[in-house]
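A.B. asks: Here's the letter readout for the chains.
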Amino acid sequence: VRVFSFFNVSPVQWLVQVGASAGKALPQRVKIVEVGPRDGLQNEKTLVPTEVKIHLIDMLSEAGLPVIEATSFVSPEWVPQMADQVEVMKGINRRPGVSYPVLTPNLKGFQAAVKAGAAEVAIFGAASELFSKKNINCSVDESLQRFEEVTKAAKEAGVRVRGYVSCVLGCPYEGQVSPDKVAQVAKRLYSMGCYEISLGDTIGVGTPGGMAELLEAVSREVPVDALAVHCHDTYGQALANILIALQMGISVVDSSVAGLGGCPYAQGASGNVATEDVVYMLHGLGIQTGVDLPKLMDAGAFICRSLNRKTSSKVAQATCKL
Amino acid sequence: LATCTWKALPQRVKIVEVGPRDGLQNEKTLVPTEVKIHLIDMLSEAGLPVIEATSFVSPEWVPQMADQVEVMKGINRRPGVSYPVLTPNLKGFQAAVKAGAAEVAIFGAASELFSKKNINCSVDESLQRFEEVTKAAKEAGVRVRGYVSCVLGCPYEGQVSPDKVAQVAKRLYSMGCYEISLGDTIGVGTPGGMAELLEAVSREVPVDALAVHCHDTYGQALANILIALQMGISVVDSSVAGLGGCPYAQGASGNVATEDVVYMLHGLGIQTGVDLPKLMDAGAFICRSLNRKTSSKVAQATCKL
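Line order of the protein sequences matches chains U and X.
The working numbering applies: residue 1 is where the first sequence begins, and numbers increase by one.
The working numbering applies: residue 1 is where the second sequence begins, and numbers increase by one.
For reference, chain U alone in the conformation it holds in the complex (with noise of 0.2 Å):
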């Protein structure tokens, strides 16, 4: 087991302040990114059939979700199961006021989505040049050089570009990944035209200590406003690491419901954090989402039968017998 801690800290006048009110510091509203179909689903072994998709994308339009990953416009080689991009795009039934961002991993993906209806777009960049190099086999330049062509064309289009950066807590090829360099792939996607950063705790590793001097670090380059976190729950750490966070002064947190996805870097591990129990935290916490819970976990019973798993959100898990 591997912890990963920090070295080189300074004393953060701020836990201080927020120990004693823990409310003062949070925000009021917290938008939550919810990645089940497209990162939660992509990382499921099970094929799911196109209109389970479609109706998981309307049941969580209606649970109150913002905004939605629907698909991918990779290659349907790579990913089978994205390959049903264009009809699940086609297939949803678009809530208005909610968002239906796709992956695209070039400018030939971007096109296709375009084409399929997307009005918002995901590039992923890496903090990490062994993880950009054997996920997809280039550097972090060269993949942030591939994006800004996407970026271009999306302005153009008029078409929102979220970006994200993954390994941002540690990589399961390097080990320790240097804040300043999530900071600066951060700066460079926001630079060329992402409205919103979100950084990925790609294998789970992170702890709230590494949370709180990663986004020090990454805040001094991009506006805290425009900031995400995407935490894994391989370790158990992401609800408090998400605490951390809004501690921050972050306010949109990306999950997966029912924590679909596992971790393709520890066998049987889970991956993403469940929407569930992240909603469960911030009602509790008194802030604001606009998801309905229980209409949440209906949709998230849905999937769960379809994939014939069991849930990972421990909410779902929960059912009191009194």
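Hints are not guaranteed to be accurate.
Residues of chain U clear of chain X, computed beta-carbon distances all greater than 12 Å [as the list claims (entries may be wrong)]:
id, residue
1, G64
2, S178
3, E221
4, D225
5, F302
6, R305
In silico DSS-like cross-links for lysine-lysine, where the CA-CA straight-line distance does not exceed 30 Å [claimed, not checked]:
id, chain 1, residue 1, chain 2, residue 2
7, U, K181, U, K155
8, U, K310, X, K293
9, X, K138, X, K14
10, X, K14, X, K98
11, X, K28, U, K310
12, U, K115, U, K187
13, U, K134, U, K152
14, U, K45, X, K293
15, U, K181, U, K31
Hint data in this document are derived by calculation from the structure and do not stem from the laboratory.
Yeah, the Cβ is synthetic: ideal placement off N, Cα and C, and Gly gets one too.
Based on these hints, arrange chain X on the given structure of chain U.
C.D. replies: The following block gives chain X in isolation, referenced to the frame of chain U:
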């Protein structure tokens, strides 16, 4: 690992391992005595400073703890490690001391209905009963740890007032408990509620004498523990492998897993004295014996690379 220099977080946290008692008591499978003893010995080896060993309640009520005396006599007591046992009343206390206990634990509740349903008497009546125990413990030179259940919600009453919890904690502290563990028995609490609770209780009991006992039934445990640390708490209860489901929520989890707590604390640069790999060995051992999967996420995550 370099020590993290956060001003608000404690430098050291004492982990109270409740797996062998609270954990096993809430597992359906009956565990042989030698397995219990071996588990406790492995936990001692893993560096845990406090390990709740067994319970001196009547074996009719809790068959899992029927071998209480053999367990106490069989364990390898590591110097500097405490092995508290549960004692519901004076009779249990006397049996515990006779069996070699040097520390005992008493359980109060912050909810009247819970107290009635769980131990068939009011909170006040239970506290009177406990006064007999603390009095005898004082005379015998035995330490007493007090627990308060349902501090963030009750399966029967629903919401629980922080002031009620503070009153019960204060009573336990005044009658001689050296530490009060605040238990989110059904795991419904969230960090804001935890902060509010600790503010109320720490007005009546010094924060150094407080501990948190969080259940992970709704996945909130680590977040609740984090905020407790930020508020000055430095004692955390947990259960190896997350042993012990929730009797009030069928199939749901209960205690937070010690491995996951230790992972977070070490990541924060906080010392615990715990050897995580050895702790995980203990967790693997007891899960094999119980023929169940671990509830610890850290244990589940074995990086293939």
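A.B. asks: Now, for every hint given, state plainly whether the structure supports it.
C.D. replies: Okay, the hints, checked on the actual structure:
1. G64: holds (19 Å)
2. S178: Answer for U:S178: holds, closest chain X Cβ roughly 16 Å.
3. E221: Consistent with the label, U:E221 stays out of reach of chain X, its closest Cβ about 23 Å off (over 12 Å).
4. D225: holds (22 Å)
5. F302: Check passes; 19 Å lies beyond 12 Å.
6. R305: holds (16 Å)
7. U:K181 with U:K155: holds (26 Å)
8. U:K310 with X:K293: Roughly 14 Å separates the two Cα atoms, so the pair holds.
9. X:K138 with X:K14: It holds: about 23 Å lies between the C-alpha atoms, which stays within 30 Å.
10. X:K14 with X:K98: holds (27 Å)
11. X:K28 with U:K310: holds (21 Å)
12. U:K115 with U:K187: With Cα atoms ~29 Å apart, U:K115 and U:K187 stay inside 30 Å; holds.
13. U:K134 with U:K152: holds (26 Å)
14. U:K45 with X:K293: Cα-Cα ~21 Å, so holds.
15. U:K181 with U:K31: holds (26 Å)
Checked against the numbered hints above, the structure violates none of them.
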